[in-house]
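Trainee: As you go down the protein sequences, you meet chains A and B in turn. Each number in our numbering corresponds to the 1-based position in the first sequence with 800 added. Each number in our numbering corresponds to the 1-based position in the second sequence with 800 added.
Since the hints were made in silico from the structure, they are not lab data. Treat the hints loosely; a few may be bogus.
Some, not all, of what chain B presents toward chain A, calculated at C-beta under 7 Å [claimed, not checked]: (1) Val906; (2) Ala909; (3) Thr964; (4) Thr977; (5) Ser1044; (6) Ser1116; (7) Ile1243.
So the derived label-pair ranges between C-beta atoms look like this [to be verified]: (8) A/Pro1234 to B/Arg1235: 33 to 43 Å; (9) B/Pro1179 to A/Gly824: 51 to 61 Å; (10) A/Asn1032 to B/Gly951: 51 to 61 Å; (11) A/Tyr1231 to B/Ser1198: 32 to 42 Å; (12) A/Pro1144 to B/Ala821: 45 to 55 Å; (13) B/Gln1140 to A/Glu908: 15 to 25 Å; (14) A/Val1122 to B/Lys919: 38 to 48 Å; (15) A/Pro1234 to B/Asn1032: 49 to 59 Å; (16) A/Pro1234 to B/Ala821: 38 to 48 Å; (17) A/Arg1035 to B/Pro1179: 48 to 58 Å; (18) B/Pro1144 to A/Gly841: 29 to 39 Å; (19) B/Arg1262 to A/Val1122: 26 to 36 Å; (20) B/Pro1210 to A/Pro1234: 42 to 52 Å; (21) A/Glu918 to B/Pro1144: 23 to 33 Å.
The C-beta atom is built at its ideal place from N, Cα and C for all residues, glycine as well.
Here is what each chain is made of, one letter per residue.
Number of protein chains: 2
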Amino acid sequence: MKGHFAAFFEPSAVAVVGASATPGKPGHEVIRNIVANGYEGSLYLVNPKGGEILGIPVQPSIASLPPGIDLAVIILPAGDTPKALEECGKMGIRHAVLSAGGFAEVDEAGARVQQEIEKIVTKYCMRVLGPNTSGHTSTPHRFTSTFFPLGKIRRGKVSYIAQTGNFATHTMKHILTAEHFGVARVVGLGNKIDIDETDALQYLGEDPETHGIIMYLESIKRPRAFLKVARNVTRSKPVIALKSGSTEAGKHAAVAHTAAMAAEDRLVDGLFRQAGVVRIWEYSHLVSAGKALSMAPIPKGSRISFLAPSGAMLVSLADHCVRLGLQIPELDPKTVRRLQDISPPFIRMRNPVDIWAAASVKGVEFGYREGMEAVLGDPNVDAVVTILMLTEDTGIPSYDFLVDLARRYPGKPVLVSFSGDRRYNEECKAYLEPRGVATFPEIEQPFEALSILAKCRQFMSRAI
Amino acid sequence: MKGHFAAFFEPSAVAVVGASATPGKPGHEVIRNIVANGYEGSLYLVNPKGGEILGIPVQPSIASLPPGIDLAVIILPAGDTPKALEECGKMGIRHAVLSAGGFAEVDEAGARVQQEIEKIVTKYCMRVLGPNTSGHTSTPHRFTSTFFPLGKIRRGKVSYIAQTGNFATHTMKHILTAEHFGVARVVGLGNKIDIDETDALQYLGEDPETHGIIMYLESIKRPRAFLKVARNVTRSKPVIALKSGSTEAGKHAAVAHTAAMAAEDRLVDGLFRQAGVVRIWEYSHLVSAGKALSMAPIPKGSRISFLAPSGAMLVSLADHCVRLGLQIPELDPKTVRRLQDISPPFIRMRNPVDIWAAASVKGVEFGYREGMEAVLGDPNVDAVVTILMLTEDTGIPSYDFLVDLARRYPGKPVLVSFSGDRRYNEECKAYLEPRGVATFPEIEQPFEALSILAKCRQFMSRAI
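With the rest of the complex left out, here is chain A (with noise of 0.2 Å):
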């Protein structure tokens, strides 16, 4: 399989089929997508009408491409699609994506015209993403096949697998423009007629460029060989996933009938605990959890320490990490000494750290950097949340002391939310997170983060 991947993941050259000059059609956005990452394989043009295409020479036909084509981009109505199709496995093109839309998800016409094109792939041995894919990334290789358009996509070390066309277009949009991590590599499954979540999660699992695996799913093709493979994959990664919904035609049913939805739920439920998948509930979390494992490491294990400017916070905060799962252990009696010693008397220090008074009276800086290093140095503790207080009223800190801690002690994720005035937490979350470590606007934010993070840690070291 890992051979057939690389044609999608590292093409050496590619052909563009149904490329078009004119801006704003998808044919010709995936032209600009492949340029603006940087692409430095061969791309090739297809279009009868010839010509050339932001100055790349357009062939007339399939059949007029030279021979070593790894992989296929065909952006033609569905209709179109098959000829297409057939022409590329004429030429020995053996991988392509197909990204129109209008097949089996529309309507009985488009269902025949997907069921010829299953017989094409299988007569010629191809391997096909889609269709109604909405495309595929591989930051490593500066390649896209991508139609929306989205320019150049940071490279990172998290790869999505998602079964919707939203997610590599408007979310990594959002993504792109909103947040700082970037992806390895994306797959957008489309209608999967050949390869699959199983498939793509086969060559990510084996992929040294991916450290962690996100997916959004609307259906499992073959439980047994997702099951199979995820354990493994599982074992040395971490896989997260949002599964919503049943089938695509029960989707409305689903909804409308909360029972039946729920029975499947736990279908899903035990395959996921059984193949090491961390389930995650809102399509939100395919982002923060993005950013999380993007940014910081899987913790060794579920006890956290957390810093707020408020007891209320403190103590509310507290409830949310016991329904997180999340552990707020007692601090080791050194770590205490250190922590009474940044503070007033008057706070009694302990974990989860009201470091208000410390930060009030000897500087925002000084007492969240001391409180931070006290609890990160404790053998009890495995990550850190600190809640920022930002005011002008109480000093606005030089940030570099978080990046400084975050680097000093690898191992464990330090996470980073606010309090206070809106804009210094935009001007500190432009700061850190170019330089990893992640922040999150609002307070609950970073634990549900950490908490998906930790149950990564508890499914990589399950007994095999």
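With the hints as your guide, set chain B onto chain A.
Mentor: For chain B alone, kept in the frame of chain A given last:
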């Protein structure tokens, strides 16, 4: 009680005891806050040094104050507070805010000072807020006793009761800098030797400026009285509460001993349910519920419709609705026809609404406006959430149609979240919220806010 509270929330003459000329000191910042909020009553300052502060003459002693002072704001160290309170009592001042910390929350010595204060309060028949309170605010009367530098506090229709200094300080700062809604009254309870959550709730229940009440509580001082008052208030006004931890002393134990907390929690749950108080669980929901109450009506029921630009979002958000107790009803056949009219036929329009194709083909503004209008007009729908697709690729709509729709359906909440380019998310929020339409950065948040509003309705419409 109303009479007493008028002295706190509509004082005609206020004395700040412990006024300071030094910027940054609480005794100075409180004066700046009072001035910044445009307080129109008489303001007297007391400090043995005399002179002037911010152009206001300073009286050398409490005894030199004129008669008729409604409220004393005493900002002195704990040890100096009893003497000042006694002098206020002698002068006939019957209401005081005790801002200092250092009482029972700190140590035994502090507890003894607090007892001394309690005796003085009884002796002179006073009503006091605190000690250890960060103050209170009354925007309709342009008055605040908060000493945290907040400047002008936005007026709104939601009131807060908070048993934490953090709310009136950092959280208010966050609301003022990150949000667009305002507050009517804010009561920081502090150590509540006299005025407690039940007193405050009773006042706010009768307060015409208060349309909804949100509480952060760490303890309930008089559960029976609370139940009686809350049962009454919640018939006409939404009351929402975050109750965290257990007792002051038991907070840490509660964290360590989950079982104990769970037992206490069941009692709180039962009390709130009987009282008609909607319980929330996350600190950040104090803000998001405040926004929802400020900008949206209480829906008639929990039947919602939502529009999203992605099947994946539709399915995972529908799952989320089920978990939150929101219903996603079938739409009226007329509504379905109207939706189908704006969409290419390959999307089957129903609830929830897949608006991607309509918005892509007919324009984002047209697609969303027509789609929202259709579901807002449906008699089966009590509230609408829309996940706006905002990227340059599909075109940025004029945001005004959302304001227009919200105005034309005043009985149905219209809540907004975003997909796509973050820059436009921020721009849209900045346009909509000052015009009364609430937005939320994460796509799950409007549903969480709606589920809170729907629970408020359930309690408000319960049989008596």
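Trainee: Could you run down the list of hints and mark each one as holding or not?
Mentor: Going through the hints against the structure:
Here the hint on B/Val906 is kept, as its CB sits about 4 Å from the closest CB of chain A, short of 7 Å. The interface hint given for B/Ala909 is broken, as the beta carbon of that residue sits about 10 Å from the closest beta carbon of chain A, more than 7 Å. Checking B/Thr964 against chain A by beta carbon gives a least distance of about 3 Å; that is within 7 Å, so the hint holds. Interface hint at B/Thr977: satisfied, since its Cβ lies 4 Å from the closest Cβ of chain A, which is below the 7 Å cut-off.
A least Cβ separation of about 4 Å between B/Ser1044 and chain A falls short of the 7 Å threshold, and the interface hint therefore holds. Given the 7 Å rule on beta carbons, the hint for B/Ser1116 holds: about 4 Å separates it from the nearest Cβ of chain A. Annotation: B/Ile1243 was flagged as interfacial toward chain A, and the flag holds, the nearest CB pair being 6 Å apart, inside 7 Å. In this structure the hint that A/Pro1234 and B/Arg1235 lie 33 to 43 Å apart at CB holds, the actual value being about 35 Å.
Taking 51 to 61 Å as the suggested C-beta distance range, the pair B/Pro1179 and A/Gly824 does not conform, at roughly 40 Å. In this structure, A/Asn1032 and B/Gly951 meet the distance hint of 51 to 61 Å, their C-beta atoms being roughly 59 Å apart. Remark: the range hint 32 to 42 Å for A/Tyr1231 to B/Ser1198 is upheld by a beta-carbon distance near 35 Å. Range check, A/Pro1144 to B/Ala821: about 25 Å between beta-carbon atoms, so the 45 to 55 Å window is missed.
Checking the proposed 15 to 25 Å range against B/Gln1140 and A/Glu908 shows it holds: the Cβ atoms sit about 18 Å from each other. Taking the beta carbon of each, A/Val1122 and B/Lys919 are about 40 Å apart, inside 38 to 48 Å as hinted. Checked against the given bound of 49 to 59 Å, the beta carbons of A/Pro1234 and B/Asn1032, roughly 54 Å apart, stay inside it. Under the hint 38 to 48 Å, the C-beta atoms of A/Pro1234 and B/Ala821, about 44 Å apart, fit the expected range.
Between A/Arg1035 and B/Pro1179 the beta carbon distance is about 55 Å. The supplied range of 48 to 58 Å therefore holds. At about 36 Å, the CB distance of B/Pro1144 to A/Gly841 agrees with the hint of 29 to 39 Å. At roughly 31 Å, the beta-carbon separation of B/Arg1262 and A/Val1122 lies within the given 26 to 36 Å, and the hint holds. Separation of B/Pro1210 from A/Pro1234 is about 45 Å and conforms to the stated range, judged on CB atoms against 42 to 52 Å.
The beta-carbon spacing between A/Glu918 and B/Pro1144, approximately 25 Å, falls within the hinted interval of 23 to 33 Å.
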